[in-house]
Amino acid sequence: MWREAALVAGKDLRIEARSRVGLWQVVPFAVLVLVLVAFAIGPDSASLRHAAPGIFWIAVLFSTVLSIQRSVAIESGEGTRDGLRLSGIDPAGIFLGKAAAVGLQLLVLQIVLWAGVTVLFDVRVHVVWLAIVASLLATVGLACAGVLYGALSAGLRVRDTLLPILVLPVLAPVLLAGSKAWQAALDGSSSSGAEWLRILIPFAVIYLVIGIALYGPLQEAA
Amino acid sequence: MNSIGTVSRPRGTVSRPRWLTVVGILGVVCMGFTVWLGLWITPPDAVQGNLARLLYIHPPIATVALYWAGGVALAGSLLYLWPRTRSFFWDRLAAASVEVGAVFSALTCTTGSIWGRPAWGVWWAWDARLTSTALLLLLELGYLALRRVPADPAIRARRCAVAALLIAVDVPIVHFSVDWWQTLHQTGTVLDPGFHLHVHGSMAWTFLLGFIAFSLIFVWLLGVRYRIEVLQDQVGDQEMEVSLAERWNEGTELVGVGSSGHHVPEGGAP
Chain A
1 MWREAALVAG
11 KDLRIEARSR
21 VGLWQVVPFA
31 VLVLVLVAFA
41 IGPDSASLRH
51 AAPGIFWIAV
61 LFSTVLSIQR
71 SVAIESGEGT
81 RDGLRLSGID
91 PAGIFLGKAA
101 AVGLQLLVLQ
111 IVLWAGVTVL
121 FDVRVHVVWL
131 AIVASLLATV
141 GLACAGVLYG
151 ALSAGLRVRD
161 TLLPILVLPV
171 LAPVLLAGSK
181 AWQAALDGSS
191 SSGAEWLRIL
201 IPFAVIYLVI
211 GIALYGPLQE
221 AA
Chain B
1 MNSIGTVSRP
11 RGTVSRPRWL
21 TVVGILGVVC
31 MGFTVWLGLW
41 ITPPDAVQGN
51 LARLLYIHPP
61 IATVALYWAG
71 GVALAGSLLY
81 LWPRTRSFFW
91 DRLAAASVEV
101 GAVFSALTCT
111 TGSIWGRPAW
121 GVWWAWDARL
131 TSTALLLLLE
141 LGYLALRRVP
151 ADPAIRARRC
161 AVAALLIAVD
171 VPIVHFSVDW
181 WQTLHQTGTV
191 LDPGFHLHVH
201 GSMAWTFLLG
211 FIAFSLIFVW
221 LLGVRYRIEV
231 LQDQVGDQEM
241 EVSLAERWNE
251 GTELVGVGSS
261 GHHVPEGGAP
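Sequence lines, in order, name chains A and B. For the first sequence, counting from 1, position 85 maps to 85 in the working numbering; every step adds exactly one. For the second sequence, counting from 1, position 253 maps to 253 in the working numbering; every step adds exactly one.
All clues given are correct.
Have a look at the derived ranges for each label pair, beta carbon to beta carbon:
(1) B/Asn50 with A/Ile132: 52 to 58 Å
(2) B/Trp126 with A/Pro217: 34 to 40 Å
(3) A/Ser189 with B/Trp205: 45 to 51 Å
(4) A/Arg3 with B/Ile228: 48 to 54 Å
(5) A/Ile41 with B/Arg16: 51 to 57 Å
(6) A/Lys11 with B/Gln234: 43 to 49 Å
(7) B/Ala154 with A/Met1: 26 to 32 Å
Cβ-to-Cβ under 10 Å is the rule here; a few derived chain B residues that face chain A:
(8) Leu137
(9) Gly142
(10) Val174
Keep in mind the hints are simulated off the structure, nothing from the lab. Don't be surprised by glycine CBs; every beta carbon is placed ideally from N, CA and C.
Given the sequences, and given the hints that come with them, work out the whole structure.
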């Protein structure tokens, strides 16, 4: 299963490396969200600093939707999905591979956004380990839940409009807990931030387990 | 088979079961009594005055939205996914329950909001329960959007059952996260965590009657919605049959024209 996951992840990441959709479309979109939300809030630096964690995670969440749509689109043409299904690869392996590819892209995106909020909103992360752990856990949750919902909407003509309404309310706890953990990391209060990892950990674990168990039946339904 | 080109009353129309009508009438009667007792008979609350009258309907609606509708939807979806019990009955029941649940979730938010205006001074407070109910409503709308996407019934049923399962998993996480995020909402009204009764006399009876009334109305709406689901599927099947028959007839006519075109009339040859 792990070898198959690595193969699928390698395939998806190679396609991304060659097409550069993530680099030229998703990353600029995320930065655009930072700038646009700042326009909406206004130029007051204190308000922007206060809102920075929330803006960061909103940008991550919207970009997750784009990454998932891209991950589904890779398999949508020329009977690719059927090819993948008929290749005999364990569905759990496909799920893990696709989630790993999306997760890695999201991590790169978060590094760019981290730099973005540091420069644009003049914030400094005081508890670095907390920000990193929160980001890693949130990424696992976002990638797993996202890939699951991507499979749910795969093969539908309306998937591009359907996916956001399906997945964004589900990802709301990550937005909430991620923002709070990052707020604590910015304020330097590691103990109150660590509390929020108690939401991120079960979210990541539950969607990882459900994905491994349900990706097979979902693929058949698509 | 029906005549081609007209979609008349679907065959085998499901008749409305009598028990459903009885449940509906009982629900409306109980609702009438709840309104009468709640607005005219019960005294105003010692602390909250007339505002407390909203509590005869708000907690029952929330209970129906979360526990009754959520429970039936989850059970229906699980029973559909389980190979031994797989039947479209469970799929339709789950779908009907989510739709009725969405209505009750919207009503929970609305009545909560009406309560919040005088009690908290704002129409919408980012209170834990109000916020998680709003998120539940959005999750239900997502399910209904997925449900409306045309697909083969078996594929749609499986997809929706998985979606319902994912929603059911998400609801507790949403609840806990929002609960930690902020809370203004009062704790349980009727029973505290130690199951001690806090409402007495005519107020308690009205409260109980509200629960019964909304539960009956839920069952009635669920039954009606289930029946519509069956009828919709039948109309879909019938339309498919009609269009297949039309294509078949067109094909047969074309074959007829083609063969008459090659027909050489007798004596036509020189």
